[in-house]
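**Q** Chain by chain, the residues:
Protein chains: 2
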Amino acid sequence: MLGLQTMNAPVALTPELLTQLTAIVGENRIKTDADSLQNWGRDHTKHFDPNPSVIVFPSSTEQVQTIVKLANQFNVAVTPSGGRTGLSAGAVAANGEIVVSMDKMNQILEFFPADRMVRVQAGVVTEQLQNYAEEQGMYYPVDFASSGSSQIGGNIGTNAGGIKVIKYGMTRNWVLGLTVVTGKGDVLRLNKGMIKNATGYALQHLFIGGEGTLGLVTEAEIKLERQPQDLQVLVLGVPDFDAIMPVLHAFQAKIDLTAFEFFGELAMQKVLANGHVQRPFETECPFYVLLEFEAPFEPIMDKAMEIFEHSMEQGWVLDGVMSQSLEQVHSLWRLREDISESIAPFTPYKNDISVLITHVPAFIKEIDSIVNENYPDFEICWFGHIGDGNLHLNILKPADLTKDEFFAKCQVVNKYVFDTVKKYDGSISAEHGVGMTKKPYLEYTRSAEEIEYMKALKKVFDPNGIMNPGKLFDL
Amino acid sequence: MLGLQTMNAPVALTPELLTQLTAIVGENRIKTDADSLQNWGRDHTKHFDPNPSVIVFPSSTEQVQTIVKLANQFNVAVTPSGGRTGLSAGAVAANGEIVVSMDKMNQILEFFPADRMVRVQAGVVTEQLQNYAEEQGMYYPVDFASSGSSQIGGNIGTNAGGIKVIKYGMTRNWVLGLTVVTGKGDVLRLNKGMIKNATGYALQHLFIGGEGTLGLVTEAEIKLERQPQDLQVLVLGVPDFDAIMPVLHAFQAKIDLTAFEFFGELAMQKVLANGHVQRPFETECPFYVLLEFEAPFEPIMDKAMEIFEHSMEQGWVLDGVMSQSLEQVHSLWRLREDISESIAPFTPYKNDISVLITHVPAFIKEIDSIVNENYPDFEICWFGHIGDGNLHLNILKPADLTKDEFFAKCQVVNKYVFDTVKKYDGSISAEHGVGMTKKPYLEYTRSAEEIEYMKALKKVFDPNGIMNPGKLFDL
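Residue numbers (full-length UniProt numbering), protein chains in the order written: chain A, 1 to 475; chain B, 1 to 475.
Check before you lean on any hint, since a few could be wrong.
Simulated DEER-style distance windows between Cβ atoms [stated by the list, open to error]:
1) A:Ala448 <-> B:Lys423: 43 to 51 Å
2) A:Leu18 <-> B:Leu109: 53 to 61 Å
3) A:Ala253 <-> B:Glu16: 53 to 61 Å
4) A:Asn274 <-> B:Ser60: 52 to 60 Å
5) A:Val329 <-> B:Phe281: 41 to 49 Å
Hints in this document: simulated from the structure, not taken from any laboratory.
The structure displayed is predicted, hence computed values, not measured ones.
Even glycine gets a Cβ: it sits at the ideal position worked out from N, Cα and C.
In isolation and in its complexed conformation, chain A is listed as follows (with noise of 0.2 Å):
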């Protein structure tokens, strides 16, 4: 029902609608059949029950205005719907909406091999556009576990973040520009590829990462990066979490990292029981990290060797394993990339924050307390991108309790661990979006004020509040 708490809450689909609707996007291009309504009425979460009125697959950016103007005349909702991976149900549609999905919209239009630069539709789907990179020679960095399915439009939308954020940064780095519908039925083509362009409002920086929210973004320009260069992975294990950023610091210092990650023992122990791989050296320790990076040259072999050397002789390191092949780099890595399939089955109750590096030790450390102490029974499964300072929390459920226990227990959890978010001036999302599964929360991440202002914008934008409402905050 959140969706019906907005101000302006959209009426249901009438027969007249539909016909336009098929009128826009040809027979074959619109869906209303249970099947179909449950599945691109949903995105990766479970939380939500999906219940959109139609499912339309547009093929232009043209197509796509008129929907949405016509959405505004008939007063109904739309819900932007990509490669449906989200982890905060801001693609989910449980209220009557029409579902724009971007299945259809899924060409890479033009190279600009000058500029290294792409023009593609929205629904490319992430490993598309890295495969079509590497055909020419180059490289689209942005990666994580969902690159098979989601779209270059949801990670735009979310402002998705991955592995080698360190080195490369979020998709928004990589948009030099967008076309848009907006809420109002306006199509906006904004900073058109330009790396330099001081001509008023970065416009584009409100539709990445706005969630559908203010309008769909239908096509876009991204860049594109030469090719990483005889990737090197070492995973090494710590005494303990307070010798990370030691590591960290030494590496970091002689090293352009491209990924430093970390996970406990708790989820080393989940990957290798589920089969696939096999621990890296003898010793157990409470955490190991697993750091990348490029070595054309033999002197930076040498000094990574030097660096690892010397945090062993600090007592930073414990053992360690660095990679000898391609082969070996893809299964160290997975060490890292399989251990949220590895936990699925134990329904884990996720969290995705960020905290300035800084803070990340003693932030660990009361969580830990603060679970331990209310919930002795709960094992926390950590693991992240320490170089950006993006924790993933998640909270395995003991077997002795039902899924709704312990959700139930989780949202007491979930207070606490965002009132250290909020101390420690964190964010309470990192990289999955707010969506409706934290919109609760997001007050202790944005001031009252800032979202007054955000507020303020949806309706510059969508002023009748059609799109995606009841995500990101209610109106």
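Fit chain B to the known structure of chain A by using the hints.
**A** Positioned in the frame of chain A, the structure of chain B alone reads:
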């Protein structure tokens, strides 16, 4: 009279307002004498006569907030003032404004080594930040001719670029957080230094490049980078403009460039005539490129030599020189950096434009031919940052024209130039901002719809229209 075209023309300063302003900042931090009004009422442009009512020098965000609230109450306009190095009259107070100078908010507040980040007040001078970073063993990479006097707040207001954008990006890339006072008088702490924060609209990106029209930036969290290692510079002479592109591609494919600049023989001659540097090699060439890269490892230099020789064989390069010492790095850079100063006596008519790199060769040819046809006696001095599509087009005044005659003709040229910029989907201001000088041309880069949205956003943050009115657009 431009400021008076705003919808909500602010009224003049009253004795009561003056008393209250004095109470906020103290008697030593307020100036109304004619010299001070002239000095702090202008930036580096000379097209508009400064005419502010009063200059105040607050020392804290709270003082700035109180000033803005007072300005709203008395309906007087506020112009933020930094290092006054702007080239678009964005910081000129021409209509009785309160000038809020950041000169006394020049403290570096805190360094976060783990985050490689520093928190600064807006009045910190760019060079002061660069030096501070160096003392910490770090690097602040945004650099340009006016770094010795420009302030961080002003850099943020115009999203300053400069000579290292090809590797490091614009100021926007280095801002991890902002404290702002909005036109309404609210203090917002935006993004608080985080790399990952997916909690709604990224409001900081509106203030970056917002030219002080939405509010004042008072503090910023700025990311630092590791120091560049063993920089090397090559200066190459090329037979025509078209040869520059294959040279860029050949180097960029193998080496991470930190700069790729170009300039014409006319610029070279003016710099040489200035007497501080010598011609880098004997061959006189129509165009020159200066490229820079890090070479901490021997094989990188070997690669560079290989590409240089290949470029000679292909006829892309006629002659060239490579730095043999840090001293030579600096003297080769002066060939490019001294251009602005060297052409200043020729009363240049400056344009700072940007198009996709793909379009640069065609664009330059079109402009050259338009100017040659219409004004065969005009000399064009081209230089700029090819690596990011940013061209500085400087037309030198023929000795037989008065300044007024010359500028009148340049206004006609301007129209041609901006028509061509529009044809190529480029920007009429790549890195200097819009201010008042480019305001009449904004629609050559931004659509009518975009400008309407910008005006509506302005009203959200500054409903009374007191923040730097008459800049960017008229309401």
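**Q** Hint by hint, say whether it matches the structure.
**A** Quick rundown of the hints versus the structure:
1. Under the hint 43 to 51 Å, the C-beta atoms of alanine 448 of chain A and lysine 423 of chain B, about 47 Å apart, fit the expected range.
2. Hint check: leucine 18 of chain A to leucine 109 of chain B, Cβ distance near 59 Å, so the stated range 53 to 61 Å holds.
3. A C-beta distance of roughly 57 Å is found between alanine 253 of chain A and glutamate 16 of chain B, which places it inside the suggested range of 53 to 61 Å.
4. In this structure the supplied range 52 to 60 Å holds for asparagine 274 of chain A paired with serine 60 of chain B, their Cβ-Cβ distance being about 55 Å.
5. In this structure, valine 329 of chain A and phenylalanine 281 of chain B meet the distance hint of 41 to 49 Å, their C-beta atoms being roughly 45 Å apart.
Figure legend: structure checked against the earlier numbered hints; every hint is met.
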